[in-house]
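Whole structure, please, built from the sequences with the hints as guidance.
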Amino acid sequence: MKNIIYIIFLLFAFNIANAQEYQVDKSKKNLVKFTSEMPVESFDGVTNKIDGYLYMKSDNLKDAEIYFEVDLNSVDTGIGLRNRHMREDYLHTDKYQFTNFKGNLTTIKEVSQTEFDVVASGKMFIHGVTREISINGKIYKVPNGYQLKSQFIVKLTDYNIKVPKFMFVRISEDIQLTLDFFVKSKN
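So that you can map any letter, position 132 of the sequence shown is 132 in our numbering, and since no number is skipped, the others follow by simple counting.
Since the hints were made in silico from the structure, they are not lab data.
Fair warning: there could be bad hints in the mix.
Said to hold, decoys possible - Keeping only pairs whose Cα atoms sit at most 35 Å apart, straight-line, the calculated DSBU-like set for lysine-lysine is: (1) K186 <-> K95; (2) K29 <-> K57; (3) K28 <-> K57.
Stated by the list, open to error - Cβ pair distances, simulated, as ranges: (4) K155 <-> S27: 29 to 35 Å; (5) A19 <-> Q176: 31 to 37 Å; (6) R84 <-> V111: 40 to 46 Å; (7) E65 <-> P143: 20 to 26 Å; (8) E110 <-> P143: 15 to 21 Å; (9) I79 <-> S112: 38 to 44 Å; (10) S134 <-> G78: 27 to 33 Å; (11) Y67 <-> Q151: 14 to 20 Å.
Backbone N, C-alpha and C define an ideal beta-carbon position, used for all residues, glycine too.
What follows is the structure, given as structure tokens:
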């Protein structure tokens, strides 16, 4: 009986020893950008206020867990009045300050020793609504960590966000999100 407990303890300790956690490296140039493209007007909103982690159960990306969150109050469209209307009238950041994604890498294709095409499947939370989504992206091995990049479309109405309409100017219902951020070893 003691041997079984000892073996279980060793296996557990071995798994913990191989686990690696990477936190968002806030000293790097991280970018979160949304783009609304319409025939009359297109604009971007950008921020570097992203937090999160990449947690690997072993020494590779297989089944790694990814989590990121973005402070929506920090998104800047370049026009103060538009920022205020976006936050107060559409995103309701007083109630839903953060958006986040939590999931696992479900597909990993090694392009090179330092580049991987990946798919992360999980739950995206925006504006009080959580939806299952899959995100295509790339992960690059960099000194002391990884760089994560992705572009994907979010449909505003899927998250109960009404599509703004101002006279002749409309905002696209489909918003392109671009993520480009770095994580560094927590160990």
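Holds or violated: are the alpha carbons of K28 and K57 at most 35 Å from each other? holds (25 Å)
Cβ separation of E65 and P143, checked against the hinted range 20 to 26 Å: holds (22 Å)
Distance restraint evaluation - S134, G78, Cβ atoms, bounds 27 to 33 Å: Check passed, 31 Å falls within 27 to 33 Å.
Is 38 to 44 Å respected by the C-beta to C-beta distance linking I79 and S112? holds (41 Å)
Note whether the CB distance of R84 and V111 lies within 40 to 46 Å or breaks it. Distance hint for R84, V111 holds at roughly 42 Å.
Please check whether K155 and S27 have a Cβ separation lying inside 29 to 35 Å. The hinted range 29 to 35 Å holds for K155 and S27, with Cβ atoms some 34 Å apart.
CB-CB spacing for P143 and E110 relative to the 15 to 21 Å hint: holds (19 Å)
Take a look at whether the Cβ-Cβ distance between A19 and Q176 falls inside 31 to 37 Å. Holds: the Cβ-Cβ distance is about 34 Å, inside 31 to 37 Å.
Check the following: the C-beta atoms of Y67 and Q151 are separated by a distance inside 14 to 20 Å. This hint holds: roughly 19 Å between Cβ atoms.
Can you confirm whether the C-alpha distance between K29 and K57 stays at or below 35 Å? holds (27 Å)
Under the criterion that the straight-line Cα-Cα distance not exceed 35 Å, is the pair K186, K95 satisfied? Judged against 35 Å, a Cα distance of about 31 Å means the pair holds.
The structure agrees with every numbered hint stated previously.
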